[in-house]
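Turn these sequences into a full structure, and let the hints steer you where they fit.
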Amino acid sequence: MKAWLTHHRQALISSFAQLLKTPFASLFTLLAIGVSLSLPAGLYLLLQNMTQIVGALPAQTEITVFMQNDAGAGDISAFKSRLAHIAGIRDSRFVSRNTALAALSLQMGIPDLASELPENPLPDAWVIVPSTAEPATLKQLAASLRTLPKVALVQSDEQWAQRLQALLALGRYMFTLLACILAVALISISGNTIRLQILTRFDEIEVSRLIGATSGYIRRPFLYFGALQGMLGGLVAWLAVTIATMQLEPYIHSLTQLYASPFRLRTLSIEEIMILLLGASAIGWVGAYLAVGRTLAQIEKSP
Amino acid sequence: MITLAHVSKRYPGGYEALKDVSLDIANGEMVFVTGHSGAGKSTLIKLIAAIERPTGGTITVNRQAIGKLRRGAVPYLRRNIGLIFQDHKLLFDRNVIQNVLLPLHIAGFNRHDAAARARAALDKVGLLQREKAHPVTLSGGEQQRLCIARAIVSRPSLLLADEPTGNLDSEYASEIMVMFKAFNQAGTTVVISTHDHSAIAAGNTRIIRLDHGSLQT
Ligand SMILES: Nc1ncnc2c1ncn2[C@@H]1O[C@H](COP(=O)(O)OP(=O)(O)OP(=O)(O)O)[C@@H](O)[C@H]1O
Ligand SMILES: [Mg+2]
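Residue numbers (the working numbering), protein chains in the order written: chain B, 1 to 303; chain L, 1 to 217.
One or more of the hints may lead you astray.
To be verified - The calculated SDA-like cross-link candidates involving lysine to any residue, where the alpha carbons are at most 25 Å apart (straight line), are: (1) Lys68/L - Asp87/L; (2) Lys80/B - Asp70/B; (3) Lys89/L - Gly216/B; (4) Lys21/B - Val136/L; (5) Lys89/L - Tyr173/B; (6) Lys89/L - Ser14/B.
To be verified - Chain L residues, not near chain B, derived (Cβ > 10 Å throughout): (7) Ser8; (8) Gln86; (9) Ser174; (10) Asn184.
Please keep in mind that the hints were generated in silico from the structure rather than gathered at the bench. Backbone N, C-alpha and C define an ideal beta-carbon position, used for all residues, glycine too.
Quick look at the structure:
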């Protein structure tokens, strides 16, 4: 147990030493890893902010509720009081059948449309402005409106919101794709630097093997190195993303002021930073593991 | 300690370096392996250390059958064997004591014990004064002694030396042979391959002769 701890401490120290031994090469590798990682991290942040904007956007969707023809003034006021108990409604407006007919006659250019018709064919209606454009919530709202008494028809126009959501979903898909592609690229970057290191330490590996080192002992410093390098690369990516958002902040601020929106640009949270750093070290580790595995196999073959 | 039964070794090229070799080396024994260049001395040593696997017959070292050893078990077998190589295999990117510390680090000794053991080993081969020196600055004989120090530092029960006096003049060579005798006296089993006849003639040590891969009796 103690030996195990000693081995791990040694491996960690030697990884730092290896990084510092070739400071410029290390710096460039870290930059390469960091820049690659900052792409998906930045896209992720962009998507998160977009989602936030969409959520906070004044819902331009309207839900129109048509009442049944026999609904009287009492039913209208009952509907109104029921409406007050339904969540997710920003505004509501009553359009009586007479108002609707007047508007229609104006639109059609027939001033005495009302007197031409035996009776007003239009129903009373409510125009309801929901507080969000989120499709699932809209659907729910429409459903609960449908259950109210004397309601004939509920019409909601969700298309606009749906399109936006589809766009965001596409963005998320692209994020996943980008993250996967870059993970593969980073595994090979990490594997390559480890491979170079193995070449310069080939004698040490061979001798260690001959005097009783296990594969684990030989792998360990390289795995640590790969993980450390990945994590530092992740740190670079975090810095890059943070600097980029700080640069954007004033523009976003003036823009949101124009629209009197409470929106604030969001940076990476602690959890997201942790995921970024851990993910980056995991990728570095995998790259190192693959590289060392191949080299060990070569040594076994040619003693 | 070491038993070979009808062992043969055919290298991938097809060359048969050892042919039907059977022998026994007892615990605490010291033996020389001799023969012309290419006779198979190094091959025999490599088989005992599980660096190569036999292509026929069985080798048992410390009651473990080398041919059937799992890859994961090889390191633990080797920790009980002190290996001295024909070509030193010293690490030139570190100083003398760090070379000797390597087997102890691998075995997981703590820093303090390891340093004490490494000094003791260097003292035995007369290199304690040079502990901070770099291997390149050592003479051929000193490099060979450093290699011996690295082999004995973990106190193995078996010492395998492949031509330890190969490129040394006879004065250095006999100095090193005296060292091996001392280790053997302390209870270590010692197997030395050499084609230096003066070293062998000196004592009454058992000699195993190889000729084109076969045992000569
Ligand atoms: N890895 C290998 N692949 C193929 N042939 C080999 C290999 N190693 C050794 N041989 C061959 O096996 C034979 C015995 O080699 P070995 O190294 O055991 O001889 P040796 O007795 O140690 O000779 P020397 O005194 O020159 O060191 C030689 O003919 C050599 O060419
Ligand atoms: Mg040889």
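Now for the hints, and whether the structure bears them out:
| no. | hint | in the structure |
| --- | --- | --- |
| 1 | Lys68/L - Asp87/L | 28 Å, violated |
| 2 | Lys80/B - Asp70/B | 17 Å, holds |
| 3 | Lys89/L - Gly216/B | 22 Å, holds |
| 4 | Lys21/B - Val136/L | 21 Å, holds |
| 5 | Lys89/L - Tyr173/B | 54 Å, violated |
| 6 | Lys89/L - Ser14/B | 22 Å, holds |
| 7 | Ser8 | 18 Å, holds |
| 8 | Gln86 | 12 Å, holds |
| 9 | Ser174 | 27 Å, holds |
| 10 | Asn184 | 21 Å, holds |
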